[in-house]
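Student: With the hints as your guide, set chain B onto chain A.
Residues per chain are reported as follows:
There are 2 protein chains.
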Amino acid sequence: MQALRRPGGSVSVGELGEFGLIAGILARLPQGASSLLGPGDDAAVVRATDGRVVVSTDLMLEGRHFRRDWSSGRDVGHKLAAANLADIVAMGATPTALVVGLACPADTAVDWVNDFADGLREECALVGASVVGGDVSRADVIMLSATALGDLAGVPPVTRAGARAGDAVAVAGRLGHAAAGITVLTRGFRSPRMLVEAHRRPQPPYAAGPQAAAVGATAMCDVSDGLLADASHLADASGVSIDLRSGAFPVPEPMANAANALGHDALRWILTGGDDHALLATFAPAVPLPAGWIRVGEVLEAGEDGPAVTVDGGPYDGPQGHDHFAR
Amino acid sequence: MQALRRPGGSVSVGELGEFGLIAGILARLPQGASSLLGPGDDAAVVRATDGRVVVSTDLMLEGRHFRRDWSSGRDVGHKLAAANLADIVAMGATPTALVVGLACPADTAVDWVNDFADGLREECALVGASVVGGDVSRADVIMLSATALGDLAGVPPVTRAGARAGDAVAVAGRLGHAAAGITVLTRGFRSPRMLVEAHRRPQPPYAAGPQAAAVGATAMCDVSDGLLADASHLADASGVSIDLRSGAFPVPEPMANAANALGHDALRWILTGGDDHALLATFAPAVPLPAGWIRVGEVLEAGEDGPAVTVDGGPYDGPQGHDHFAR
Chain A
1 MQALRRPGGS
11 VSVGELGEFG
21 LIAGILARLP
31 QGASSLLGPG
41 DDAAVVRATD
51 GRVVVSTDLM
61 LEGRHFRRDW
71 SSGRDVGHKL
81 AAANLADIVA
91 MGATPTALVV
101 GLACPADTAV
111 DWVNDFADGL
121 REECALVGAS
131 VVGGDVSRAD
141 VIMLSATALG
151 DLAGVPPVTR
161 AGARAGDAVA
171 VAGRLGHAAA
181 GITVLTRGFR
191 SPRMLVEAHR
201 RPQPPYAAGP
211 QAAAVGATAM
221 CDVSDGLLAD
231 ASHLADASGV
241 SIDLRSGAFP
251 VPEPMANAAN
261 ALGHDALRWI
271 LTGGDDHALL
281 ATFAPAVPLP
291 AGWIRVGEVL
301 EAGEDGPAVT
311 VDGGPYDGPQ
321 GHDHFAR
Chain B
1 MQALRRPGGS
11 VSVGELGEFG
21 LIAGILARLP
31 QGASSLLGPG
41 DDAAVVRATD
51 GRVVVSTDLM
61 LEGRHFRRDW
71 SSGRDVGHKL
81 AAANLADIVA
91 MGATPTALVV
101 GLACPADTAV
111 DWVNDFADGL
121 REECALVGAS
131 VVGGDVSRAD
141 VIMLSATALG
151 DLAGVPPVTR
161 AGARAGDAVA
171 VAGRLGHAAA
181 GITVLTRGFR
191 SPRMLVEAHR
201 RPQPPYAAGP
211 QAAAVGATAM
221 CDVSDGLLAD
231 ASHLADASGV
241 SIDLRSGAFP
251 VPEPMANAAN
261 ALGHDALRWI
271 LTGGDDHALL
281 ATFAPAVPLP
291 AGWIRVGEVL
301 EAGEDGPAVT
311 VDGGPYDGPQ
321 GHDHFAR
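Quick note, the sequences are listed as chains A and B, same order. For reference, each letter of the first sequence is one residue, going 1 to 327 in our numbering. For reference, each letter of the second sequence is one residue, going 1 to 327 in our numbering.
Pulled out of the complex, with its shape left as it was, chain A reads as follows (with noise of 0.2 Å):
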């Protein structure tokens, strides 16, 4: 194994070599008490104590999910766990283990690699979680897999299909934040920073989910794609329609500012930018929400046309969300 300085001073992947990077990696990623078995056999073995699992995976691809010049390798790593945890937390589960495949160029330098592993175990420290195993590869660009593991403790999951006409429809977490951050970097802005760093690194409502469950939440998902497309997974899956309110959604002033600044309308990325992970729930009309859920509209019966998403009670004009081949 030959750890040579690189003319910058750091040391790339390929003179560490595979072994020596993920000896590095492991010393960073400390185990949690659902780990039985951690990294550095063929498997892990996680805790399961009621007898299911739940499980969900995501891809995370350099050039497309993030830039080397706008995100770190920290900010890398809590985002790639954010989206995976969040999927854990949208099924009234609690996130146990996460494991994680990286490829990437031989001259890729391993501190990229380790702030990365960093930004990993914290994400995964606020939910209880570790990282219990993965797999190295090469190749050209940054190419990232997690599949995150999760306990029900004893409820049933929240899936999206048990919306009833009728039942309040409420989110928890931010909208917008991440996909007005993407426009303002794409613009050539670094601020505001809130925005910024919204895009950088998420930050889902992780309790709200299993709180969401222990209330009876009727239907539940992360909002990944945007909250139309997904408010409208939701409802095909229900077999209802749901009507926002646009009124109900608070704009913090950073977003109202940068949407000034910049010719945008902050209800657009609200309604349509991803990447925040907040989750959309449903609940029966007399059940309180709980705390950190906004109410933001309701569930109605599905239209003689089927299934539909409305905003203030018209369709919404304007893209709906996000399609990954899309050109």
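Everything labelled a hint here was simulated from the structure, so no lab data went into it. Any given hint could be a false lead.
To be verified - Here are some, though not all, of the chain A residues that point toward chain B, as calculated from beta-carbon distances under 7 Å: (1) GLY38; (2) ALA43; (3) ALA48; (4) ASP87; (5) ASP118; (6) THR147.
Don't be surprised by glycine CBs; every beta carbon is placed ideally from N, CA and C.
Tutor: Chain B only, in chain A's frame:
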């Protein structure tokens, strides 16, 4: 959603769009008995009756782990699932579920992706598992990730760390076949078919893992980096040395013929080739080996220089394994 025909007659992923692509994939993936909630929600829910879940993840990249002119989509589906499921049985567990990430160029033929899904389904069916979820994205080359889950059914996991001096060393499954297949393909040949097929679709000895666990195998691992490299990992984890007997390894006639024709050493394929996903395990001396296992060596006390792997009592002269970042 558009479904235009390309000149060649097949629809591309970009033409079909993300949601149409996913719908087509899901139609090919029936859910097994362990899938309590399959694809389509934020996360899946998988039975984990044992109260623990075994988890392992792998990446596979076009140009590095497979080539589209050498392997069909179906081959690649088989190979990705096999690599991942083998890690689960190497712990002594039975696979229950797979989640898969697929990133591909917009001009990828939808037929390729559907074939890939068919391969995943067919390989999972061999062990009673199913694909319960996934993620799709766009990339410049095909990048795949898979995470497999498994159930230990009440037995302790068989790690790499339990081998003791005096134990028998045994293997189950093929060795060197996939490596010989790559050599054959690299030299521009397409036969012997048995070797080329072994590269395209490994045949891990799935039943042999839980069977070894049932008779109390002291240590076990999947042979993915090459027998010498993986034996070395097992020896290091157990703090022992391992001596292999070169005469113990059967050399099938097509491999002997290919070695002759290409001026290659068949034993080197067997000792250093990965990707067949054979199993390597150690058993207490008195234990009769389960069906399918052959004895290939012995566990020794580690020497003064620490754990080592020898062949016929001496060091093996040649490259020992695979570093993903080696040039």
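Student: Which numbered hints does this structure break?
Tutor: 1 and 5
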